[in-house]
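Starting from the given sequences, assemble the full structure and let the hints guide the process.
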Amino acid sequence: GNSVTQMEGPVTLSEEAFLTINCTYTATGYPSLFWYVQYPGEGLQLLLKATKADDKGSNKGFEATYRKETTSFHLEKGSVQVSDSAVYFCALRGNNQGGKLIFGQGTELSVKP
Amino acid sequence: GAVVSQHPSRVICKSGTSVKIECRSLDFQATTMFWYRQFPKQSLMLMATSNEGSKATYEQGVEKDKFLINHASLTLSTLTVTSAHPEDSSFYICSARGDSFNEKLFFGSGTQLSVL
Chain A
4 GNSVTQMEGP VTLSEEAFLT INCTYTATGY PSLFWYVQYP GEGLQLLLKA TKADDKGSNK
64 GFEATYRKET TSFHLEKGSV QVSDSAVYFC ALRGNNQGGK LIFGQGTELS VKP
Chain B
64 GAVVSQHPSR VICKSGTSVK IECRSLDFQA TTMFWYRQFP KQSLMLMATS NEGSKATYEQ
124 GVEKDKFLIN HASLTLSTLT VTSAHPEDSS FYICSARGDS FNEKLFFGSG TQLSVL
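Protein chains in written order, with my numbering: chain A, 4 to 116; chain B, 64 to 179.
It is possible that some hints are incorrect.
Among the chain A residues that face chain B by a calculated CB cut under 7 angstroms, a handful are [stated by the list, open to error]:
| id | residue |
| --- | --- |
| 1 | Y42 |
| 2 | E45 |
| 3 | G46 |
| 4 | L47 |
| 5 | G107 |
| 6 | Q108 |
Incomplete in silico selection of chain A near chain B, CB under 10 angstroms [what the hints assert, rightly or not]:
| id | residue |
| --- | --- |
| 7 | V7 |
| 8 | V14 |
| 9 | G32 |
| 10 | F37 |
| 11 | S86 |
| 12 | D87 |
| 13 | G109 |
Keep in mind the hints are simulated off the structure, nothing from the lab.
Since the structure is predicted, the reported quantities are computational estimates derived from the model, not experimental observations.
We treat Cβ as the ideally placed atom computed from N, Cα and C, and that holds for glycine.
Here's what the structure looks like:
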């Protein structure tokens with residue numbers, strides 16, 4: 004079945020450091036891929052998405068490229084801020100899944116001043 | 064953006080009691096709601112999908128008599144954990160989707176259930 008694997012946290016970085024959170028997936032067909040972010044005390048929010056191979060999703064300085072050849076959707080940001088501290092979830096939605104999302108286990112990011 | 068309110072955020076109960084968790088869409092009609100469960104350091108696991116006015120569809124391995132889901136209106140779905148046991152302790156999250164949002168999902172902030 005479909006699955007998502009993302010790097011374990013917590014990840015601790017200094018402000019302005021480069022961020023990469025790895026995400027790989029297993030799926031049949033051509034899933035849509037997502038990154039969600041959960042700030043402390045809040046619900047998950049969609050950060051970015053890509054719906055087909057080679058698409059790049061971007062938002063708030065974060066980027067992720069849908070790589071079908073490596074079945075990956077790694078999240079990157081060139082310069083993190085303290086306000087980026089949160090838990091990040093990679094997710095996929097298979098074709099004709101009625102909106103059902105399969106999530107990775109989440110990666111906690113802590114950015115220190 | 065759309066808001067989904069989930070209540071309570073935290074609940075502690077005795078073993079054998081039932082707990083109800085509410086999920087409300089505040090500014091849109093939620094045609095479909097999803098209930099997830101998350102253990103520490105693990106993925107969000109989909110428990111069930113509910114469509115307004117019909118019975119919920121449960122994922123394999125989820126006991127429908129234990130986790131009662133009601134989606135009686137377009138703005139409210141409830142999850143009731145019946146006869147809770149310590150192994151039911153977990154973080155429960157709802158999400159909602161309305162047709163007008165082209166399948167975009169909005170999430171509640173979650174409920175931490177602790178069964179003593």
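Do the hints match the structure? See the list:
For A:Y42, the shortest C-beta to C-beta distance to chain B is roughly 10 angstroms, which exceeds 7 angstroms, and the interface hint is violated. Interface restraint check: A:E45 against chain B, minimum CB-CB distance 5 angstroms, threshold 7 angstroms, status holds. Interface restraint check for A:G46: the shortest CB-CB distance to chain B comes to about 4 angstroms, inside 7 angstroms, so the restraint holds. Hint status for A:L47 relative to chain B: holds, with the closest Cβ pair at about 4 angstroms, below 7 angstroms.
For A:G107, the interface hint holds, since its Cβ comes within 7 angstroms of a Cβ in chain B; the closest pair sits about 6 angstroms apart. Interface hint at A:Q108: satisfied, since its Cβ lies 5 angstroms from the closest Cβ of chain B, which is below the 7 angstroms cut-off. Annotation: interface hint on A:V7 holds; nearest CB of chain B at approximately 7 angstroms, less than 10 angstroms. At about 13 angstroms, the closest approach between the beta carbon of A:V14 and any beta carbon in chain B exceeds 10 angstroms, and the interface hint on this residue is violated.
With a cut of 10 angstroms, the hint placing A:G32 at the interface with chain B is violated, because the nearest CB-to-CB distance is about 17 angstroms. For A:F37, the shortest C-beta to C-beta distance to chain B is roughly 9 angstroms, which falls under 10 angstroms, so the interface hint holds. Annotation: A:S86 was flagged as interfacial toward chain B, and the flag is violated, the nearest CB pair being 18 angstroms apart, outside 10 angstroms. Because the smallest distance between the Cβ of A:D87 and any Cβ of chain B comes to about 19 angstroms, over 10 angstroms, the interface hint for this residue is violated.
A least Cβ separation of about 7 angstroms between A:G109 and chain B falls short of the 10 angstroms threshold, and the interface hint therefore holds.
The earlier numbered hints that this structure contradicts are 1, 8, 9, 11 and 12.
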